[in-house]
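Undergrad: Sequence:
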Amino acid sequence: MTTELNLPVESEALLTPSEVAAMFRVDPKTVTRWAKAGKISAIRTLGGHRRYRESEIRALINGDIPTQRESVD
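Reminder that position 15 of the sequence shown reads as 54 in this note's numbering, one-by-one numbering, no gaps.
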């Protein structure tokens, strides 16, 4: 007998630190520092790896989300 798990389907695309780094043309460690500083939000996988919402990253690239520095002014 097999058991089927009804897990929710994640509809939002997630990016790895390397993918985000390529989009911004920075080192993946820079992306990790941004997440630790709260400049971008990160999701942790069950294995402890960081993933980033593609929609948030694209909005940052397009200038649709104010950066931490802009919101302070």
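Worth flagging that the hints you see were computed from the coordinates, not collected in a lab. Do not take every clue at face value.
Ranges of calculated distance between the beta carbons of each label pair, as one might list FRET restraints [to be verified]:
#, residue 1, residue 2, range
1, LEU85, ARG64, 14 to 22 Å
2, ALA52, GLY86, 17 to 25 Å
3, SER50, LEU85, 16 to 24 Å
From a predicted model like this one, the values you see are computed outputs, not experimental measurements. Here a beta-carbon is modelled for each residue, glycine too, at the ideal position from N, C-alpha and C.
Undergrad: Which of the numbered hints above does this structure break?
TA: Number 1 - this is the single hint that the structure violates.
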